[in-house]
Amino acid sequence: MPPVRTVVIQVEACEVALLVGYRAGNGEAEQTLLARATSQPKSRGLAALRDALAQRALGPLTLSVDGAPLVPTSVQAKVGLEADGARAMVAVLVTYSLPPGSSLSLTTTDARSTRISWADRDSGRVEIATAPTQGRWFAGVASMLLNLRPSSGGSACGVHH
Amino acid sequence: MGEPSVVRVRYSPAVATSMSRELAVGASILAFLVACTGTAAPTSQAYRIGTLGETIGGPHAIGRVGDFMLENDQIRLVIADTGVAADPDDSVYGRVNTTFGGSLVDADLRRAGGEGARGNDQLAELLPGFVFTVINPTKVSVTADGSDGGAAEVTVEGTGGDLLQMVGLLNQALVSPANLAFTQTYRLAPGKKYVEIETTIKNKTTGAHPFPYLNPSDIDALLGAEIPGIGALQLSVPMGQLPLLGGEQDLFAPGFAGFNVQFAIEDTYAMAGGFPAFPGMVIDFLASKGRGVSYGLTMPASPDNYVNSYMAGYPGQDITPYSMLLPFTYAGVAGVYMAKPPSQLMPQQEFTFTSYFVVGDGDVGSVYDTILELRGVATGSFGGRVVDAQTTAPIGGANVLILDADDRPLSQVETDANGAFACNLPPGQYSYRVLADDRLTTAPRELTVRVGEQAGVFVLMEAPATLAVSVIDELGRHAPAKVLLVGNFAAADEGKDPRDFLYELNLGEAVRPTAFDGGTRFTERAWFTVDGRVSATVRPGRYKLVVSRGPEYETTSKDIELTSGSFVAEQLTLERAYETPGWIAIDTHIHSQPSTDSGVPIVDRVISCAAEGLDVAVATDHNYITDYAPAIAASGLDPWLLGISGVELTTFEMGHFNGFPLKIDPGSTRGGEFRWAGLPPADLFAQLRQLAIDPQAAVIQVNHPRQQVLGYFAQFFIDSETAQPYIPTGILGLFAPYGDEFAAENFSYDFDAVELMTGRRIEDVHTVRAPNPLPPGPFPDPQPVPGEIVLGSDGRPQFPGVVETWFALLDRGHTATGMGTSDTHHLLGHEPGYARTLVFVGEGNDLPGAVRREQVIAGIREHHAITTNAPFITMTTNKGGMIGDTVEGTNVEVTVRVQAPSWAKVDKLIIYSNGGEILVERAIPSDQGTDYETTVTVPAAGDAWVVAEATGTQNMYPVLSATEFPPLDATVIINALSVGLDLSTLPLASSLKPIRTHPSTPYAITNPIWIDRDGNGWTPPQPRLPKVIPHGGPLPDVRAQFDAFHEVGP
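From first to last, the protein sequence lines are chains S and B.
Just so you know, we're using this note's numbering here: the first sequence kicks off at 1 and counts up by one.
Just so you know, we're using this note's numbering here: the second sequence kicks off at 1 and counts up by one.
In isolation and in its complexed conformation, chain B is listed as follows (with noise of 0.2 Å):
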């Protein structure tokens, strides 16, 4: 880390008179506001939104006429409606993120401006929660409209809900909500930057109702065969609030998490005490940085609430009277329990517990302040200024982390743009920390805060580096580019976690993607570019400087050093790869600012679109239509990208669906209107076909097929063998959703196509097999067979591949579309276009910026694709034709072209065909990894399809970063419950899973030619039996077992 030079000021006369000329402004302009608007003291008012002007408005907001405003002096909440209306074809279920109404939805400050001002809500949703269960809305009205000069409020009345139905048992089990009335009242006072929460059950039975509800016998009888030992459990009923507050939230909690909440939740598990305290993270509160708004979460101190009545549960953490749980944030949505109800509730009894909800300017230092002020903490101010070093300049945007007497972070503050930050603290000892991404961290330095004093710093931070670079293409253009900065950091480090060294998550830092091989490489920053031209700062170090631009390209590197303070000039050029006459790369899977879990704005996404070679880029948002023309067309990239409106059709627990072309409509919120929850998946379909373009013409994709609670096929329980339902039994039968649009009978397949690699998933392409040797168990049962499948307790695959399930739907004639997205969320580590479609349009019509959307959706329609993450594969016949056409005779003779970039070479060449049978396994020697080509001959008994598939084993980076970290998904939840039981022999915890760490390695995949044996027209093979998996084996050797088992190292 740097050593800069740092001045600790108390309070100079000259520091001190410019922040109070400061402070003295901001109250001017804050007088001037109050005068203007005619209000001669703050005031909060609720009532009914009338016209779309009311509300906030901002990149998530999504409040509508018919919801409820909530606001003061100083900020303003919406609250949804029921969403539940006369006509049960009015309501909108899942307008939101969750299924119900009546949530907190929108949250921000008050803007100067008045109506006509843009707001900057960036919250997705607040809702209570009672374990997994949420309010059912059956009313939400306005209780106080403050015209008395008090409190405002609004209250959301309702039954219970399942937030999942998979966890409708659990529920049932812990909470019975049907027994049950619940009431969540927002309470607003005039010029408080908090809404107080108050959230009450009701037993609204004559009988007592017991909390947890169900006695451990009656829960062992309920599921004791399938989680053995679950008798002996006592358990409890956490009750709390649900935040998702949104992608472009960090969040923060303070102590050995700060910002690295999801890692530091993770490492509690493995320090859990077990039940009947449920695992996660203790927190004194839970706050956010964002641009412009920030939010923060926290109770009245309780001497009995839910951490500090199950102590012993939270070994090694500290919990003080305001102490919360956070036992996961998963997919942007987070759990953080609060109160423990009584042991029972007598009939029309009430449990009520409170909690605060804060709106802040942008970062944690403004949450903490207001929290401070409800808990009533003496404080002292601590501020200061941060410039540079070498021109004294201000340094705007830079992070002040202050830290306790055991340096945990404690609280966060941002510079202005004049370099200044001030925030409140408790008396006591400190540090501090000052960050920025283009230069070196300041070293700790100590504080010391007392109450009604001013402590006063101002620092100097070591200069950047300034680095201009230069871009051409082939052609000599300026063309979209990607430029990266990669280093290499010590090799003592070798081996080692990078998050022990190389960036400090919990101040805030973002990751630096490794090279994730054994070596020291690592990516200090990454610029898209639309031009080719970058101009930046960046912290001085020795890099190589690589460009890029996509598959079709390779790479162009060269070494640099920056120096502080030193200005480094380079041109680049780009050679071409290989050439794809005819054919244009896209992407159909596409997240940026409009959906809840992602904080890229839209003219940043459209331009990593462009920067990694894509033509088309397809908006997919979480139940958002979007928009891309606007933005392409203001960053000058209308010469090189294709924007294509669409939306991802987001449902909690039934998958996710694309559809594209959409039509916009500018009188919505969501850019459209639709529902997700609770409609069977034909309704699904038939909706996104109804907002299409054209209904004819439209896309529906089937996203991540396999993943489990987000994918179609599992949660439908799809038979990879038969592309058919099967009812699941066991544990998996205890944990499925239970509404009647699950039935079997409702798996539709009315989808044009699928995606075969979403991301860097490699793991969920095929199905996973033992590895040989097996490592040592335990493993459920059956004992699996190194090399061969692994099988679940019902004899069927435990971890089917999406490409196995693909093929059996082919062979029973359901044509989908193969497709490769990205499902990208971010940008460096969640690069665009990996995976992407290669389509083909026609030849001439591949010019960029010059191919029509109606060519891109009849070439994906027509199968004219490709699945890929660099590998460019073509096939023809002797007969003609080419990837998704239908030749016709016997012996049809297949030529395979397999191209790539020499950074992702392939090795290996599979070609299938019906039934997923293998006719041809090739191993591609490496000289002719960039240029293979060869020809089969498949001998169709009767009408057949062929696939070809080519794959690498050379690590892409750093056009591709690694998977460094699992991917959170829900067995990461499953297991964290798992902790007080062994669930070891259940296939939910086999110690067999799919490897999800490993570096980026070439994958492609083509559409099929169709082959007509008697030129009547092609007809599906005969749909296979299931296939009885051999089992049974020759049983794995115990000392191989042992030799191959991996030691850990020192």
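Only chain S is shown next, with the shape it has when bound in the complex (with noise of 0.2 Å):
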């Protein structure tokens, strides 16, 4: 059973937030993986399994504004269960700045695993007639590219929570 990894982008006028869900797959590099987070000390067992599988989560993606990665200012993860009850799973949700520029991009290099959605929460930033459908899923793609509009943000920007 393959792994599998849900990201959603998420612009807001001064941020991105990028919501991945990722479910380890049943191969032999996710068992292996998930077998080194279990042997910890049973007080440390939940939390390395939540670090083990936000790891697997998040390397494959790098988020850029014109080819330049950003760097996330924080990122929160949980570890639960699959709507079914049947599988473990990993939320992540990490949040950037937004600086200006004229394209936002999130690249995977597991295209193959991932699938990628994304939602403009009226930040004004988008250039909403060029940009992919929102709210639809698109699988095995390499990445996700957004023509941005001329900044209006800068100082006028704080920082969400």
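Keep in mind that a hint or two might mislead.
[As the list claims (entries may be wrong)] Here are some of the chain S residues that sit facing chain B, going by a computed Cβ distance under 8 Å:
hint : residue
1    : Val8
2    : Val75
3    : Lys78
4    : Val79
5    : Gly80
6    : Leu81
7    : Leu93
8    : Arg121
9    : Ala129
10   : Thr130
11   : Ala131
12   : Arg136
Source of the hints: derived by calculation from the structure; they are not laboratory data.
Model, not experiment: these values are computed from the prediction.
Even for Gly, the Cβ is constructed at its ideal location relative to N, Cα and C.
Once you've looked at the hints, go ahead and assemble the two chains, each given alone in its own frame, into the complex.
Spelled out as structure tokens, the structure:
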């Protein structure tokens, strides 16, 4: 059973929030990862599992503006179960400040396992007319590109939580 | 766990003498019987059954004249005839559980008493499976009658048929049965307690026949757009047997499963290695435990059987040369796959595999003894006696579990009336534990078995407590009532899965239902009593004693402490919660022993109905017309309960339909003759009416209409907006049944009633909406909108509700009466009467035991009915009339009153009208949750219908159990098959599904009051156009989604 990674890019006026969901597969690499995590002392087990899955979730992803990778301003992760309660998964919320630029892109080195979707929250930053359809999953793509409007952000942007 | 005294005895002279005496007595009896039959040596014979007296008999026996008997001095088996007659009208497809004849249908030990003795068949059916292809027999014959002193044989020959039409494509892709001839020979040797089954497939064409038949690229072309990645898979073609061992048999597989077969199989899905190995549990043999008879399945050792050929697909599971694959057990059907065909069969080439079906004495140990003999394993024996530690009285019916060196169940033996047990085991180190329902399980004790030696033990089990309870109702009567013992487990175990600490399913312990509310309550025992009296032995402990009698009564409780060896007596009084003058409570969907998937004796079933406050119980066993009257009379319930005979006409994939009241045909082994396979719905309904006592006054009821595979509306793709069938597209279309009987134009509305609530499945009542906020995905397209209906890729609701579909039927004038039923197959945890239907039969006619069948049927057909699991809703209008009546006028004032017991308070009332529009939605104040009344005005612009629905959020435990584990349904199997594929973007595997585990909460919905605005007769409202459900609303905020995601705790 292959791993599944879902990425939602939420573009806001001053920030980008990325919600990444990841469920490990049944392959040897994944099983080794999980075994290592769960072999930790019991008090650390869950945290180790969360960290290991979050690493796998985020590892192949890069968010860039005009080719320059963005640095996260916050990363939060939770480990839980899929909706049907059958398999463990991690949900990771990563936030970035959105600098001025002409294009925002998310690239992945693991296109096969990744689905990307995006949504605009009244950001005023994205050229909606040329953007891919919001709210739809794009599977098997190596990157998603959004054209940005000339920025009206800058000092008006505060920090979101 | 208790620490009883256990004395290990290596055959003291007293014990040895006792056991030897028993064996000697047994041998004498056998010799006597052999002498009486006049046969000098064991023999076998096979013949066509000529009289009913030659059949086996028993709770699940359906063998009849024209079928084939295969028997020897030890066991008797019946193989069904083809079912195909020269006159097609006389052909009986679907006489048994599956579509075709020619299967093994009855199996039992040979019983003393000759032809007149009643047998104890509990087998439902056994037939070969080639993936999901089965034999459609053209001929069943005796190929060796045993007269030569050798084995007797019955052989079934035929072509391939689909077990389920829905998987016809899969069968075609993997097996391509049209090119093959199928044969199954049952061979029974004298003196043996097993039948050898030889299964053969033959390529009857002039070309090679590969397995799988289609190349991956061909399968990709067939399905690829719908199942991405399937072309990259290597598939395999498992073959074996499909044993339906019957609802009275507890399945057992040695190893980590033990008796916990269902959940153990599901656990293996998570660790499956992927295709070509089909996912599932690897087992060394399959066995069962039952009352007086048990069964088993095994195969010869083979280094290249199916499991051994795909070993890499089963990491972490023990594999032996005898290993078989158990991929599912669903609705009483299990698949046991043993063989892998060659990569291709050349023209006229054959492939044969062998298996063995064993008949035992009622426990796993007797089956295992035969399997060890088959395998030629040298054994030692293990036996002993189990007694009460306080009185040394023998404990009969206790279960001795033998565990292997890894503490996993290997076998199980039941003690006889003298507390004695014995079995054979291979040499080695073991441990054993003894279980009894009313005592603490013994701690594991070690055991060494050596070849040719006897190991004996004398087990002392701690004494139980004795509890005597007497319940009287508000009139001082000893009325039927339910008595419950509710305990509390340790607070440290709160939130944990009860399977991990409260009971051991693998050892054969029963589920102890918990309150499923994060607390510590659980139900230790429940008794359904004829007269409110029970005297029973129970496990010592501190409990709350709770008595109930259905929703019309409050519960009464008392704290008690039961210690080992103590006697406690209590008397409690029931108080009425509300009165229902003129109304009776009926459950029109009940199973008991005659159903292949229920083991509840009929007497126990009728008592349970009365104890839950039902006034009328309709017997609806699967393809079996049952009469409750003798059991009601024998148990003295005539003053309390009326029984009505009926049937659940159970098709494989068109739906389930109840018909009642029906005639009983004493000459039929099923209470009546009927056919369910290959007929369109109109013919099924007509058949049920013909079986009715009065065809003009029968009720045809559609059961669980939206359940996948088993639901009539689901299988005909009934649109919930228009109540009309549509043609499914995409993957739904690929896996839809293909027979002519499933053509859309064959959908029939000629039914009188439809289940609105079945059992505790509240999640099926209304169309499923996405939660707000949404959990993280993935989700299939289109993206769900929080709070809105979850849509499928065709824009229709992905999980349409029964009630919404019923509203659409009402709009179009299809006025089927809405019903509530339990569909109960068991007792505790599957209580009868939840849900139930309250039916108005007229004031004064509702006295217990006095209501007449005609009054009940008339009340249902005239829609004077309420679906409920506790609340009682009445509706009246200022124009007169009640539920089910037609009133005339405009601006009709409708007064709704809701009553409920304090353990099932309601907190919301909704009133619906045409198109399912909500007229009124009211929050019910908490201080009125047991009695609330309101009046609304219905401003009908045209003719209308009005329905009231009351709901609550209170947990109804312990009267009604929660649903702690997801009910098995077809999606479990689909998920298992998808292990090698990523179906997460497809509707079938959507991340947004109905929540199937939950406490039971109050629910009730009435049938309509019909408003005839102009007084010229009620006409249905104009059918609604398919509603364009607005989509593309605001997308979810990922931050809120993240916050809402539930993180598991340590």
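Here is what the structure says about each hint:
no., hint, result
1, Val8, "holds (5 Å)"
2, Val75, "violated (11 Å)"
3, Lys78, "holds (4 Å)"
4, Val79, "holds (6 Å)"
5, Gly80, "holds (5 Å)"
6, Leu81, "holds (6 Å)"
7, Leu93, "holds (4 Å)"
8, Arg121, "holds (7 Å)"
9, Ala129, "violated (17 Å)"
10, Thr130, "violated (19 Å)"
11, Ala131, "violated (13 Å)"
12, Arg136, "holds (6 Å)"
In this structure, the earlier hints numbered 2, 9, 10, 11 are contradicted, and the remaining ones agree with it.
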